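**Student:** Adding 1476 to a residue's 1-based position in the sequence shown gives its number in the working numbering.
Simulated from the structure, these hints should not be mistaken for laboratory data.
The model shown is predicted, which means the values in this text are computed figures rather than measured ones.
One thing to keep in mind: the hints can contain errors.
[Stated by the list, open to error] Here are the simulated DSBU-like cross-link-like pairs (lysine-lysine), alpha carbons at most 30 Å apart as the crow flies:
no.	residue 1	residue 2
1	1649	2065
2	1893	1854
3	1649	1893
4	2050	2203
5	1649	1712
6	2401	2467
7	2050	2065
8	1857	1893
9	1927	2065
10	2065	2203
11	1649	1571
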Amino acid sequence: MQEALLALNAYWTQQGCLVAQPMNSEVGAGTLNPATFLRVQGPEPWRVAYVEPSVRPDDSRYGENPNRLQTHTQFQVILKPEPGNAQELYLGSLKALGIDIEAHDVRFVEDNWASPALGAWGLGWEVWLDGLEITQFTYFQQAGGMTLDPVSVEITYGLERILMALQGVSHFKDIAYAPGITYGEVFGQAEYEMSRYYLDDADVETNRELFEAYAREARRLLDLRLPVPAYSYVLKCSHSFNVLDARGAISTTERARSFARMRGLAHDVAELWAERRAELGYPLGTDAATEEGAAAQEAPAPAGPTGLRTLAFEIGFEELPPAEATRVVDSVREALETGLGAARLGHGALHVAATPRRVVVTLEGVETAEPDHEQTVKGPKVAAAYDAEGGPTPALLGFARSQDADPAELGRAAFGKNEHVVLTRLVRGRPAEEVLAQLLPGVVSGLRAEKNMRWNASGLSFSRPIRWVLALLGDEVVPFSVSGLDAGRTTRVHRTAAQPVIEVPAADGYVELLARHGIIADTAARRAAIEAAALRLAAQVGGTVDLEANSALVDEIANLVEYPTPILGTFDEKYLELPDQILTTVMRKHQRYLPVQGADGALLPCFVTVANGACDQDVVRRGNEAVLRARYEDAAFFWRADLDTPLEAMQERLQLLTFEDTLGSMADRAQRIGSVATEFASQLPIGARDVITLERAAGLVKFDLGSQMVTELSSLAGVMAEVYARKAGQPEEVAQALFEGELPRHSADRLPQTTPGALLALADRADLLAGLLPLGGAPTGGSDPFGLRRAALGMVNILRTHPALAPLTVSSMLRIAAERQPVPVTDESLAEAQQFVVRRFEQQLLEAGHAVHDVRAVLAQADRPVPAAARLAELEAAHGSEELALATAAIQRVLRIVPAGTAPTPDAALFSTPLEGELQQAVEKTRAVLGSMPDLRTFLQESAVLVQAVDAFFEGVMVMDEDPAVRANRLALLATVLELTTPLLAWSELK
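Using the sequences plus the hints, can you model the full thing?
**Tutor:** So, in structure tokens, the structure goes:
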């Protein structure tokens, strides 16, 4: 290991880096060292490399896990400003370490890095070596909440992992640290003892007090304008927080609050540091990088050969996130179609495809030039263009001058009823090269992603840096420049190729040329290749891959590689003792592996990984198998620890998790959920067996949040509750209810199938909404940190799936949950929470394709989603019927004249016409037919009597009588019509 550290020092020194020293206090990563966090601020150039022992209490494993350590060794590099070729420099450093990058599968996998505690974020990648994350590679965008200009590149190596791969050992303890000395011999004792401290013995209250003390001292030092010592106390704050987190003493809301506090301190440190450097006159100078124009274009070359030609246009990136590789195709296609549509250049078919490193466009049959056309420019009206003698007026002369035309060349043309002076002239069509040279730069500069970054190209902002542009029309370059990138005829192929940059002779056959260099441009073709190979490899071991269940994962993999090389790997059968959900979660979510299963659906000890391009498949297979083995060892560690822990002990740990300061601990929340669910059940006609199941599950709800497995793999919440409950001897129905209480976890997730599970899930969501919305937890824009939108929609979907729960209304559930909150919840807050759920229901109906006016017409019933959806179906079925049209017209007529709030209490003694009595009789007759549970279909069938009476009333009675008493009585009579009909629909919404 010493040799590796020396090799990296030597390599990066040759690249102009200063060698710094590690921080003299615990830091979780090299990023936190002042040589990074402070030095990336401001305009001063900075290149630095250093070793950083990084302390992460949550990674403590007593030295048992082969890959996880509470103190691991990072090697940190900062390049400021980013040099434009940082990926190539990084790959050079791997070679300096002795890694054969042609044999291995080196992959740049999306990583949108953020440090909430430091207010820092950047975009980049995890770098994988045969499936093992060995480096984090980031373009810093902000630190301390301050936008960074210039942008820095951060490269953070995980030395233990790299050395394990280089030395071929399967455990960090076996790394040769120095001649004759292993890593375990040097650090094994410290690893065990510090793990004991972080996981078992660290005093929670002491560390809470330390956190507070360090935060106060950091603030005091900031007030003294001392950013460097202040920052050292921010780091101490961070470490105290990490210790508490490892002890399981940090809840979601406490995490958010603590992060906000540390982020505020870090921001003030960064701001003060920047001020101090400016006061000192920037001792290291300022970045001298020149600013390039946003879209400076060169003059187009002369027109090329006559005849139709093909355009090949490619925008080259550093590896895009998989989702952006899909979106960029649509974005580029739309931009080109819009631009070409505005031009008059004839062309044939347009093809757009993308890989992680490029979007490739071919445009067939491009004409040599636009056709010539006549252009007519409208001038002033003839009456204003000539005086009484027929001479030109100043208006006409000014128009001629603005068009650089002789007044004698002007003609006349009619525009509507007016005759205007016009100039008609022949406009020569632009050559194809000119049209494209003006169009294509805008396509490049117009690219945008869901999350954009900056780099050293002024005026450009996209998901990842744009590094090259190819533009060929036939065999000629389309000449243009955008933000310092000159379009040319070279492209980049695999970085490990003998010639990674190649020259392209002509546009024709460009996609085929890429294929010959191991790049499949079309995503669908890459996907098909992955699927076919996965099935073939799985069949070799008597298994298969469920392509339907793994469809989203296959899509992601297809956009992680330019040339898929599927490889079959295996793992020790002993890990099959772990629940399938754990094994597949690790394979799919963490490693992007396709699980292999037998004909009976049971997992086999095999997986399919997909490398990018040519490699030594045996080397890559062994590497991926080692990674999965380490992952499963981690999972087995948690599994064994949890099985040795009684469910009650896990429940007790919930007391350490603060849900929200004013709403208590996670244990308090679990108790509320159980109580709320039991109260829901008391209002329903459910069987005794379901009641018993619910009561037992209510006493255990959320217990798995106190397990080590769920602490590490939070997506398994509920899943592990079911597994551990079964292992503990709980009835099957109770275990299932505990799992279903977490459903749905996302929009496409399944819903609870049992009544106890559905009641627990509803209680969970009601507690969230009733507790957090009144405290200001409502989502804003795209931010929904507590998942309240998901909770509201989950509540609606559960109710719609379980008609037997129809007696429960949204408002009644929220009220029951509010009564159990430790803080008062006002009626106004409950009404807002109910409307929050109703709006989610409304949005769901609209997204399902229902008309806006129909949805709004039934929203008055949305407190009961099942009846509301049924009413919507009745309304849609009635569209086009005469009954609905007549009833709508009659009731809307009543709505227009009756003031809001008019009491439906007419006095028959004040009736002065037979029509008044007939309307009252029609209302009563209709009311009798509808009964206490009116439905729209029955109302429309029986509405003729009421509609005719309303129409006759308006035709024969003066509603707004001069006598105030008569007028008020007639309005009250009409109000009885509304009293009868408004429970059915919001009639005013209908068209």
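**Student:** Look at each hint and say if it fits the structure.
**Tutor:** Structure-based check of all given hints:
Only pairs whose Cα atoms come within 30 Å are accepted, and residue 1649 paired with residue 2065 is accepted, the gap being roughly 27 Å. Between residue 1893 and residue 1854, the direct Cα distance comes to roughly 14 Å. Compliance with the 30 Å bound is thereby established for this hinted pair. Proximity of residue 1649 to residue 1893 is assessed by CA-CA distance (about 92 Å); at most 30 Å being required, the pair is judged violated. Distance restraint check for residue 2050 and residue 2203: the Cα-Cα separation of roughly 18 Å lies within the 30 Å cut-off, and the hinted pair is therefore satisfied.
The suggested pairing of residue 1649 with residue 1712 holds, with an alpha-carbon distance near 28 Å, which does not exceed 30 Å. Restraint check: the Cα-Cα separation between residue 2401 and residue 2467 comes to about 27 Å, which is no more than 30 Å; the hinted pair holds. Taken as a hint, the residue 2050 and residue 2065 pair is honoured in the structure, with Cα atoms around 21 Å apart against an allowance of 30 Å. Taking the CA atoms of residue 1857 and residue 1893, the gap is near 11 Å; set against the 30 Å cutoff, the hint holds.
Taking the CA atoms of residue 1927 and residue 2065, the gap is near 21 Å; set against the 30 Å cutoff, the hint holds. With a C-alpha separation of about 25 Å, the suggested pairing of residue 2065 with residue 2203 holds against the 30 Å cut-off. Note on residue 1649 and residue 1571: the hinted pairing holds, with a Cα-Cα distance of about 24 Å set against a maximum of 30 Å.
This entry does not satisfy hint 3, going by the numbered hints stated previously; all others are met.
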